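Trainee: Chain by chain, the residues:
Number of protein chains: 2
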Amino acid sequence: MRKARIILGHGSGGKLSHDLIESLFMPRFINPILQAGDDSAVFPLTDSDRISKRRQLSEDEIAFTTDSYVVNPLSWPGGDIGRLAVCGTVNDLAMVGATPLYLSAAFVIEEGLPISTLRRIVTSMQRAAKEARVKIVAGDTKVVEKGSADGLFINTAGVGLLSGEVKISGSNAQPGDMVIVSGTIGDHGIAVLSAREGLTFSNSFKSDVAPLNHMVDAMLRTSHKVHAMRDPTRGGLATTLNEIARQSKAGICILEEQIPIREEVAAACEILGYDPLYVANEGKLVACVAPEDAERMVQVMRKARYGHEATIIGEVLSGPKGRVIMRTRVGGTRIVDMLTGDMLPRIC
Amino acid sequence: MRKARIILGHGSGGKLSHDLIESLFMPRFINPILQAGDDSAVFPLTDSDRISKRRQLSEDEIAFTTDSYVVNPLSWPGGDIGRLAVCGTVNDLAMVGATPLYLSAAFVIEEGLPISTLRRIVTSMQRAAKEARVKIVAGDTKVVEKGSADGLFINTAGVGLLSGEVKISGSNAQPGDMVIVSGTIGDHGIAVLSAREGLTFSNSFKSDVAPLNHMVDAMLRTSHKVHAMRDPTRGGLATTLNEIARQSKAGICILEEQIPIREEVAAACEILGYDPLYVANEGKLVACVAPEDAERMVQVMRKARYGHEATIIGEVLSGPKGRVIMRTRVGGTRIVDMLTGDMLPRIC
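As given, the protein sequences belong to chains H and C, one line each in that order. The first sequence begins at 3 in this note's numbering and counts up one residue at a time. The second sequence begins at 3 in this note's numbering and counts up one residue at a time.
Hints are computed from structural coordinates only; laboratory data are not their basis. As the structure is a computational prediction, the values presented were derived from the model and not from experiment. Any given hint could be a false lead.
Which copy is meant is left open, so a pair is good if it fits within one copy or across any two.
Said to hold, decoys possible - Listed next, the in silico DSSO-like pairs over lysine-lysine satisfying Cα-Cα at most 30 angstroms (straight line):
1. K227 x K148
2. K17 x K148
3. K148 x K251
4. K305 x K227
5. K323 x K132
6. K305 x K148
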């Protein structure tokens, strides 16, 4: 019998990733905080097993998240691995409604990396942290022999503060909610791919990698009815909507003609055979918002630096549970599933 | 001019690592929390810039730390990368006197890794987390193409809770403090090396990788005069003592004959040309404790599971500032410097 082995698809963020998490990690690490399955873990800062009641700090909670970044190449139009490593983790904290405060940064460096490259990337992290108003307070540096890693991998973990009033979760989307996306989809994946492959058919690709926490601040000041929020990174918009539909045991219906996409990205996807619904974003969010607040929310998002093209793309339904359905431009209906396999490896 | 490049020594934890941190990371990420330079960042959970006073949770503080583990091979007598990834981060939290509570775990996996290997390592993490009584609450999985990483790298970040009363720092060692080491040195480095190189001259090497937080709990219940604490991992006991001496602007004098070391480890070091003072440990700590409490502390440590061989090895002096001096077995005196270069790469 051949040994089962890890394949690239296990890192895609799509179906294989979910299967690996469910079958291998979850049974061993199981606890209610992990099981929530949102972009950040959320917990009160106390340990009920061991620490006396006095130590429960307040009703406020901590948000905590981690991501490793293995993107190839190390920089591309609109971003680099440093900016990505800060924004990705800031956004994961923001997606549960937390205020991102502190980041750690751990570097695994391949021997031979030019120090000037490292300096440029760390400077980019500094800028992104300043923009997001987070502090990098802990770090680690490891070096491995030439050939044992690909240039540079960065891990960031993040800690944020969550007001006791905020309850945003991928499992909290409500039938009737409007589904809002904050802007055009697919920009990041296509920009990284074009840089990696040296594609020259367009020079206008630009990644959207950006910290979304200031926009989220404005959103949460606008309405207490943001029920679910997530950034559609690996696996793209389609995978993220499927996660929300499954976790919330609801259906989601989106309208193809409402989904914002740059013309050149749509064209590149067409030529390369990619479905933009599955292409990664690093500066976009999806929110499920009560219908009475949805229009106002879109207006608020459009005033934010990274939300100019925010738009309502669909609706949460009571069923079919766990399913995402798209009404196509030509008037048909199509089931939109999670990403299967790995369309674009090493995009984040 | 040749481009300056990263070399293995930049990851050694010794002098080159310190230089890289001081010259490249610190100027860009600079903030008082990071500058403290201890094994974990310590901060109140508040953001004075943005969050109203109401949000300061209490006088208690958070400890936050991260480490990536790139050890080669993935397992060795006494441990594996999974146990190491949990214990290493638990220990970094414990070294500032915090109670470790929550961990994140992020995996960078090389395509082709047998899933059975991953399962074994994740099971080992589960066991270590149970022993340390911490929960793994956030995770990430990335997969890179065959040849772009070496099997598996794991990053863990950790969050702990620090009582307002505890002030332990590498910069807080006081002249007169006794220097205590919790047991034999060099076990981890030599065990990993022997597994990697297939050394067969002894089969009795065993890594000491272990969570030290329960022993630290007992220590902090015994005395409020633990001034400095650190685990001598990369760079070994010598590098850790140098860090404390520098940060505390004090001198440290140790007695060679008091330093516990297994006979077979001493013999291996002799044959291989290593100085055990620079060989990594993953289940040992060094503490600087007020002299009136030191003997009692040693007794408490010896009752703990991982402290049977705890012993006083020296003393903190008012000078020479930043220097570590060893009185040798033959009655001489030797300056013990930080690790220069990289003696044993990929040991953690």
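Trainee: My question is about K227 and K148: at a cut-off of 30 angstroms on alpha-carbon distance, are they close within one copy, between copies, both, or neither?
Mentor: Result: close neither inside a copy nor across copies, 51 angstroms intra and 46 angstroms inter.
Trainee: Up to 30 angstroms between alpha-carbons, please classify K17 paired with K148: within, between, both or neither.
Mentor: Between copies, since 21 angstroms is at most 30 angstroms while 33 angstroms is not.
Trainee: For the identical chains here, do K305 and K148 meet the 30 angstroms Cα criterion within one copy, between copies, both, or neither?
Mentor: Answer is neither: 47 angstroms inside a copy and 45 angstroms across each miss the 30 angstroms cutoff.
Trainee: One pair to classify: K323 and K132, alpha carbons no more than 30 angstroms apart. Within, between, both, or neither?
Mentor: neither (41 angstroms within a copy, 36 angstroms between copies)
Trainee: If the cut is 30 angstroms between Cα atoms, do K148 and K251 qualify within a copy, between copies, both or neither?
Mentor: Neither. Shortest intra-copy (47 angstroms) and inter-copy (38 angstroms) distances fail the 30 angstroms Cα cut-off.
Trainee: If the cut is 30 angstroms between Cα atoms, do K305 and K227 qualify within a copy, between copies, both or neither?
Mentor: within (19 angstroms within a copy, 55 angstroms between copies)
Checked against the numbered hints listed earlier, the structure breaks hints 1, 3, 5, 6; every other hint is satisfied.
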